[in-house]
Amino acid sequence: MSELKAFTSANHPTRRWRKIKDRLIETVLFLAACSSVFVTMGIVYVLVSESLPFFENVSFTEFLTGREWTPMFSDAKFGIRPLVAGTFMATFIAVCVAIPLGTIVSAYLSEYLKPSAREILKPVLELLAAVPSVVYGYFALLFVTPMLQKIMPNLGGFSILSAGIVMGIMIIPYVSSLSEDAMGAVPAHLREASAALGSTKFQTTLRVVIPSAFSGISSAYVLGISRALGETMVVAIAAGMQPNLTLDPSEPAATITAFIVQVSLGDLPHGSIGYQSIYVAGLTLLVLTLIFNILGMWIKNQIQEKE
Amino acid sequence: MEQSMVQTQTARLLREPMSDVDIARNLKWRRMKNFMFSVVGLLTLLFAICTLLALFIDLAMTGVPRISAEFFTNFPSRFPEKAGILSAWVGSLAVMITTAVVAIPIGVAAGIYLEEYAPKNFFTKIIELNIINLAGVPSITFGLMALGLFVYKFKFGQSILTAGMTLGLLVLPIVIVTTREAIRTIPNSIREASFGLGASHWQTIQHHVLPYSSGGILTGVIISLSRAIGETAPLITIGALTFIAFLPTAPVSDVFPYVSFQWLHDAFTVMPIQMFNWVSRPQQEFHVNAAATGTVLLVMTLLMNGVAIYIRYRFRRRMKW
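Residue numbers (our numbering), protein chains in the order written: chain A, 42 to 348; chain B, 42 to 362.
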């Protein structure tokens, strides 16, 4: 009895040790949680510090307004516009594929299928996102491009079109999975009320479920778009790697990511202008992604305020 | 605006009610649209799944005939028929092990902290927002960070260590998020029962929270590794060489101290980079090699995902609180 009493007192060595151990462990876990902040700081620090010397050699106006990007030529030109245009075009095509298909699939999964079928089909669909992007690159170059060439005979071996389409298929699960989650979270009584008023399932989906889930669906779209912006291997393999300021999707072009890959494949001395240019390109990409994410968050807030 | 539209519609209907014929026609049309959407939905779903199948079949038809024992035991070569993926799969394995060693402890620890310890304050909110944002950062950006920081600042070189750390940090958000989700499913009554018996916070986590959520955590770990095994862009950025005709130093040897970590500092290549290298060449024969590598890669990824789905399914069925 006295032993138990001693143990329950706060100053018993076992209890003191346990308390110290608990605090130690908590500190270690806290540091682990902070690591993600360090990673972000590391990314921003490296991108900014390695890009700054670039702007000592190239004026900011030339960077933003120049129409040519040829950092590896002897007559180097540093206008980011062709790369940004290529990135946007590939993303646009991907989004044109992924958003309609992803939304239809998610509505179908969530509203039309039995839960047991959904349970099986959703993971299968998510496998589309698990396929390595280099495999998608192979698929775009050696399966989709030849197929498109049958429809459009003057399409070259490399085009932003086929890269964009394949990228779109790749991000369908990002759009559909999150959208389906959002639609699944719509309370059942809303559906029941709509059905009681005589709506068909389609009317309920279109006028009740999708509008009430739209803030979740919009985050799915934003995630899909940022994936497409940062996707690298598909465009590096299937879109060719020449920077090309064009609006014709059947032409080859380079995206920001493809440029970084192209330069990294060669041997690059630390501190050279070519080395700095990939950091500038990376920083531009990060800023673009950030802008899209902020825009998405803003739209989401607007929708939520309306509700 | 929508509301006023509904009002005028209602008003019109009250003034001139629909005849039975109209109602029947309206109903038929609405049912038709409903049916059409279910067909479109099914077709879209089938399209997505068929694409996955087409990709797999196209790759396997070209690649499988090329896969033989020599394909796994030969180094890459100038001659397509002699080339193999020995250095690539060994490299992938080594990088995966390093990635797991970096990502699992940090990710699981961070997940535990955020679910079990973190106070609800501004700083916690920043960490949470940061993890969400980090998951959306393009993977190639991690490669640029690693090139500037690990390769040039810390002088790790273009080595397996750099690659493993890069991929480890890349998949960290996935591990953290899935760990948190797994821990969140454990009801509070379990923790309260443990505290009630006098266990400390860490004892509760160690003996109850972690074992019960291990299925979910394992799922997350496998999914993150399957993501890492297919990552190409960040590794190209840190300067992973594409032509490696040697293996990393063996981790065990017969001289003292028997275990060596020299392999961490060796140059390497991985399967996706080898595939990228082969697919970028114009010759048809190398494309066949690329398809074979792709088949191996795809089978590995799908297997890992299948195992993850299975574990999740098993745990969901077993765990009934």
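Read the hints as simulated data drawn from the structure, not as lab findings. Quantities reported herein were computed from a predicted structural model and do not represent experimental measurements. Misleading hints may appear alongside valid ones.
Residues of chain A placed beyond 10 Å of chain B at every Cβ, according to the derived structure [said to hold, decoys possible]: (1) A73; (2) V99; (3) K118; (4) C137; (5) A148; (6) S256; (7) P290; (8) Q343; (9) Q345.
Examples of chain B residues toward chain A, derived with CB under 10 Å [as the list claims (entries may be wrong)]: (10) R71; (11) P106; (12) T278; (13) F317.
Using N, Cα and C, we set each Cβ at its ideal position, and we do this for glycine too.
Closest C-beta approach of F317 of chain B to chain A relative to 10 Å, hint status:
holds (5 Å)
Beyond 10 Å from each Cβ of chain B, as asserted for A148 of chain A
Non-interface label fails for A148 of chain A: nearest chain B Cβ at 7 Å, not farther than 10 Å.
Find the nearest Cβ of chain B to the Cβ of S256 of chain A and say whether that gap is larger than 10 Å.
holds (15 Å)
Would the stated hint for R71 of chain B survive a check requiring a Cβ distance to chain A of less than 10 Å?
holds (5 Å)
C137 of chain A non-interfacial with respect to chain B [C-beta, more than 10 Å]:
holds (14 Å)
For the restraint on T278 of chain B, tell me whether the closest CB of chain A is nearer than 10 Å.
Holds: closest Cβ of chain A sits about 5 Å from T278 of chain B, inside 10 Å.
Please confirm whether V99 of chain A is truly not at the interface, meaning its C-beta sits more than 10 Å away from all C-beta atoms of chain B.
Since the minimum Cβ distance to chain B is about 18 Å, V99 of chain A lies beyond 10 Å and the statement holds.
Are all C-beta atoms of chain B more than 10 Å from that of Q343 of chain A?
holds (16 Å)
Given as non-interface: P290 of chain A, which should sit over 10 Å from chain B by C-beta
For P290 of chain A, whose nearest Cβ neighbour in chain B is about 20 Å away, the distance exceeds 10 Å, so it holds.
Reported absence of K118 of chain A from the contact zone with chain B (all CB gaps over 10 Å):
Non-interface label stands for K118 of chain A: nearest chain B Cβ at 22 Å, farther than 10 Å.
Is it the case that A73 of chain A keeps its Cβ farther than 10 Å from each residue Cβ in chain B?
Not fine: 3 Å to the nearest Cβ puts A73 of chain A too close to chain B.
For the hint on P106 of chain B, does the least C-beta distance to chain A fall short of 10 Å?
violated (16 Å)
In this structure, the hints that do not hold are numbers 1, 5 and 11, in rising order.
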